[in-house]
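A.B. asks: Here is how the chains run, residue by residue.
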Amino acid sequence: MNHVIEIDGLTKDYGEGRGVFDVNLTVEPGEIFGLVGINGSGKTTTIRHLMGYLRPQKGTCSIEGRNCWKHAAELKKHIGHVPGEISFPDVRTGMDFFNLQARYLGIRDKTRVNSLIDRFNLDASAPLKRMSKGMKQKTAIVAGFMADAPILLLDEGTTGLDPLMQKVFTELVQEEKAQGRTMFMSSHMFDELEATCDRVAFLKEGRIIDVVDMSLLGGNEPVKEYKVEFTSDEDYQTFLAQSFLVKRHRDDYKQVSVLLSDRDLNALFASLSGLDVRYITQVPRTLEDQFKEKYQESEGTNHAY
Amino acid sequence: MPINSALLRQTTRENVTLWGVLTAVQCLLVGVIGMTAPIAAAGIAYYNMLPGIFMGVYAITVGNKLISSQVDRGTLAYVLSNPVKRSTVIVTQVVFFAGSLLAMCTLSAVAHSLGAYFSTFGANSAEIQTIFKLNLGLFTLALSFAGIVFAASCLFNLSKYTIAVGGGIVCAFLLFPIMAMFGSKFAFLSNLTVVSLYKVGSIMASGTGWAWDLVILAAIGLVAFAAGGVAFVRRDLPL
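Those protein sequence lines, which keep their order, are chains A and B.
Sequential numbering of the first sequence, starting at 1, is according to my numbering.
Sequential numbering of the second sequence, starting at 1001, is according to my numbering.
Wrong hints could be hidden among the right ones.
Stretch-level coverage of chain A by chain B, calculated; a stretch enters the list once three of its residues show a Cβ under 8 Å from a Cβ in chain B [unchecked claim]:
(1) 53–60
(2) 63–74
(3) 81–87
(4) 103–109
These are calculated hints, taken from the structure and not from any lab test.
Glycine is no exception: its CB is placed at the ideal position from the N, C-alpha and C atoms.
Produce the entire structure from the sequences given, and follow the hints as far as they go.
C.D. replies: So, in C-alpha cells, the structure goes:
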C-alpha cells in the first residue's frame, strides 16, 4: 500500500536533548493518526517538517510520495493545516482572513467556508485582534478545513475550545474521515484522540516510544482487565489465592482486578462459580493508561543506563 | 516571473500607509523647493540631505516587515501553508519593495518638475532632465538600502536583529558623510558608505561618469536581494 505520509529516520537535534530523533512513522490513506506527548516532546517539530518549514538533519519526510522539504509548495495544494501557534495576517476581521486565504487557494465558492462558520458558531465579522483564544482557534480551524484538502495536519487543534466546541470539532473530524480524508493530529488530550484516531504514536523527548492501534483499546484489548468484588472476605481471599494475574487488589472493598486473555475467560468463570460475587465488570483500557504505562516503562529503561 | 497576486495585494495593503505618507511629504518638499529655488541650488541643498533619510526610514521599516517581522510574529505560516513557493514570496516582496521605491522617486521627480515649471524661474527641458536624473540616483541609492535591509530580513527570525543589523548598516551609511564633514580626521568615513556613490554634483554637471556610480548602487541592491532570497529559501523557519 502507498503511504500518504511517510516519516523515515527523521532527526532534528536542537541540542540539550531537544528536537526529534530517528522518528519513523507511516500514515495510510483515510487513516487518522494521532501524535501524543507532553509539551516539548517534539510534536510541533514533526509537523513543521511535514509542512516543509524545517529541513531534516537526517532522514526524510514525504507526503504522497513527495519530499516535504523539496515539494513544500506543491504539496500544500493537498494539505489543510491548523497550526499550533496561531498568528493571523494583518487583516481586520475573520472574514477578511478567510477571503485572503481563499485568494491564495483560488477558492471562489464560499459554501464550505460559510457552513464551517455556522458549524462553529463563529462571528466572522469580529476583529481578529479582539478575538479570544477560543475564537482564534475556531477561526484557524475553519481556515484549515476550508480548502477541502485530502490531507489535514492538525497541531493541537482543540486548544482553547470549550467542551461543546471540542465536540463539534471531533464530529467534524469523524465526518471528514468518513469522506476518506487522511489526518495527522497532535494533541495532549487523550479523549480527543480516543474519539477520532485509528492509531496513536507516543512521543517522548523526541522519540517514539509506542504506536498503539486504537481498535485494540477501549475494551477490545487482547488481554482484558476484569474487576471483581466479593461479598465475603473469605471468598475474596480464596480468589486471591488462585493463579490469576492480579493487577491490583483492595482489601477494604474486597476487590480484585485481574488481567486475562479471552481464551482464559472460562477459567475465570469456573473459579468464580463457587464464590459469592457482588459484581464483575470489564475495565476498558484507555489511551491514558497505555501512555502512562509506556511512559513509565521508558523511564525505567532510561534509569537502567 | 513567479509573483503571487494575493501576497502582492496583502503586502501592498500592509505598507501603503507608510509609503503614502513618506511619498506625500517628499513630494510636498520637492514641490515647494522647486517653486522657490533654482534647480542647481535645490540639488545641492536638498538632494544631498533629506531624501536619503526618507529612503532609509522606508527601507528599514518596510524591509523588516516584508519577511523578518512575519517570521517573528508567525504570520508567514499563513502564506506558506498555501501553495506558494518561498522563492515566489521573495520575488513578490522584492517586486513590491523596488516598485514602491520606483513609484516614490518617480512621483518625487514629477512633483519637483511641476514645482519648478510653475516657479518664477521656470524650467527648461535640460533642467527637467536633471531633476529626473537626481531622482533616478535617489532610486538606486534607495535600492541599495532596501537590498541591505531585505537581506537582513531574510536572515533573521527576530525583527530586533533585522533592525539592529540591516537598519544599523543603513543608518551608519547615512551618518558617515555627515561625520566626514567634521574635519579631515573623519574624512575617510565618506569612503565607507554607499551614499558617496550618489554624487549630486556630478549628476548635475555634464558628463556621464555618474551613471556608473548608479549602476554600482543598483547592483549592490540587487545582489543583496538575491543573497537574502537564496538564504531564505534554504533555511529553517520557526513557524
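A.B. asks: Just pull the numbers of the violated hints for me, sorted ascending.
C.D. replies: none
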